[in-house]
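S.K.: The residues making up each chain are set out below.
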Amino acid sequence: MSAAAQMALAANSRRSRMLEVLRATLLKDLRLEWRSKDAINSMLFFALLVVVVFSFSFDPTAEESRRIAGGLIWVSFLFAAVVALNQTWARELRNQVLDAYRISPAPANALFLAKAIGNFLFVGVLEAIMAPLFMVFYNLRPIGPAWELAVVAALATWALVVNGTFFAAISIRTRSREVMLPLILFPISIPALYAMVSATTAILAGDASPDYWLKLLGVYDVVFTTACLLLFETVLHAE
Amino acid sequence: MSELSQLSAAMANPSATIPQVALSGVSRYFGRFAALRSITASFPAARIYAVVGENGAGKSTLLRILAGLVPASRGTVAWFGADNLSLVRERISYMAHASLLYDELDAMENLRYFAGLYGIREDRVCEDAMRLVGLDAALKRQVGQYSQGMRQRLSLARAILHQPELLLLDEPFSNVDASSAHAMVRLLGQMRDQGRTVLVVTHQPALLAGMADEFVRMAEGRIVARTAGLSEPLPAFPAAHEVMR
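Chains as they are written, first to last, in the working numbering: chain A, 1 to 239; chain B, 1 to 245.
Please keep in mind that the hints were generated in silico from the structure rather than gathered at the bench. Nothing false has been slipped in among the hints.
Straight-line Cα separation of at most 20 Å, SDA-like style, residue types lysine to any residue; simulated pairs: (1) A/37 - A/97; (2) A/37 - B/141; (3) A/37 - B/145.
Which stretches of chain B does chain A cover? Using the computed rule of at least three CB atoms under 8 Å from a CB of chain A, they are: (4) 65-72; (5) 83-93; (6) 102-110; (7) 114-126.
All C-beta atoms, glycine included, are put in the ideal place defined by N, C-alpha and C.
With the rest of the complex left out, here is chain B (with noise of 0.2 Å):
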């Protein structure tokens, strides 16, 4: 991103001067085991963040963190310089693994309760982010009947509905098309441009090679690396006698 745009973004969203989220000492333990462990971190306004690395390296803990979904074990959360939570939830967005959509409605009926649950009314609102994510606001198919591609979508529509500032998304491209993946990529981008931070959970960093203002490495729990760039490739499958170890 050029200083240019960082500065229009600054100017447009005066909070992008302080971190959207900071994180001081955070650690996450599940029974006796350390799912992030003493994570310091703070994540300035108006950037894309690819969050990369192995399965189990804590990225969804992470994120679930970010979203208030799981409190820390220990150490500190701040969102936007406060560390109450529930004073800045409409600035925050969340998209999981999980569709977190109603199978049995279909997409206007899921997108109409969900911008109720942000005081937002009018269908207007739920259309438009159905246009930006490329689905069909006319269709009336309920959502149980939609390939798990469409759901995706859907997903981030329901994500982007009441213009967050602070994107949180946990694999938003598994099971989409290329072109539909290439196609939400840029979605993001035109959101980080309009001031947004967004916090992206991939296993295809590749994708987010070219939008992404910087890649944070996880492993085992920790931040081991942050770069502008996918600098090194993500390691291969561990050997079987490794993971047997």
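Looking at chain A on its own, in the form it has when it is part of the complex (with noise of 0.2 Å):
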């Protein structure tokens, strides 16, 4: 077999050894929040009484509502996001799991990229459940293309969740690192909220075209994923 060949066939195990240690682990993750409900739980009530209080605070006409509700969506959202992004690496603490993952030849971004999917599922349940209770709390109707929304949804999801997961995997080893992360988070995630908040309130109030801002997103998600990817081993492997 010629060196070329070689080559490939031990790229090629190492992709579906890849493959296989982020399903694992991601299943894993997925049963172990079905037993303890404690990420899923959490967001729900926080992003629930975001809706509830916002709506008793003030009452939009349907115009306004459709002018503000991009911003509210997504600070309810982000907020939310970050007690399940804080959950992700908290139960890998719990007696120091981490350390037989880190031991283990089990790639690093294996890890990384099924605990970041993890939390998409997690985040984009909550966005499900809670989108039509926006939807009726403030009267809103898009008047732009809806699927558009699922879109926006998807990337602005990503968004929040590749920076969250990478950056909870960082502040993990800090003293206060539930106020840690949103402190790393939130300005890195600046781009992306304003992308996100722009492109939700065009398709909303359908006055202009959100394309310049679903770019900008799937942009940033591109950039983040890959210098996630790129620096994860070594924060992995910090001690």
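Build the complex from these two chains, which are given one at a time in their own frames, with help from the hints.
M.R.: Below you can see the structure in the form of structure tokens.
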């Protein structure tokens, strides 16, 4: 067998190993969450609180709602997501289980991607439950193409969770990690936040195309996913 | 261990002739506190080393450095003759004070997950590991509901799943009843006879008295003695005035 063929074979085996560990870690996290419901309960409670409190605080017209709802929706999802992001690594610290991963030959990126995808699913479930409530409480009806809201949600949620998972991993060894995560995460998420709020508002109000903001979100996702994947191994093995 | 069994172990495992792990001038500082002070030592293969010493002597730090969980502040470590740990990770295992297990999963779910990290897919491997430590693979209880002793045994099962050549065990006998502890010691003896190297940090060295090949005594971050047997009793608690001083 030629050297090139051997290298291709080794790369293939590394890729399949990575997918295998990713799948096992994701299934394990989903099972843990299904049994404990730590993240989903606290996220739902928090997001519900935001919806109810804001709806009591002011009584906007349908027109006003369309203009402010983008900001409201994403602020509530962002804060709720932080709860899930903190939980992600907290359960790996109980009984020092993360050490068992660190000493194994399993690829670090498989762990990172499994965690990010898990958080994406948890926040996605939260959004699916909360979106209809937002519509009802704020009397919202999108004027622009509604299907684009799903695209914004997918891109924006990934932007939140990919950075959130990474920075939560950095902050787990700090003494006040619950405070540390938002302190690091929010500033770096400003471009994505601005894009997701603008895109949502554009679709709800129907007065502008969200294409520019969708492209910005797409680029943000690609750049930060790549950066996180490149740096995660160092973060995982840092002491 | 007899010369004959050492020879058969060396034949079974060609790497037995070079040290499984060697430290050269290894120090570890936590802030200004030196947990390890310039340790130079090598641990040849197919032997059981009992690492003993008082609390704070640096035993656990030594094990964490050997496991690659903590980098040395100074000095170098070589595993199986190489200094790149990422190439030899699957040949090493580590059992810590904490269980390194998920409380919300049952034993088989835990072992299946950790076996997957080493590319092991067969349930039979996990079942065998559980049987070796005296646990029932059919037990469906979540690990959070296990007694401390059962957790320790499951933790050992996790550590031996992938048949490592170098086992680093930190207090494996704590909270384990006497008969289970003796069974664990016998299991370690069998692993040694298969050519594996075992480093056990313990506060119960008497348990290993008939089994360990070497007792490595540590004090104040240094290895102060390496003896074939537990030649001298471990010191009693220091007097109150010494602690105060």
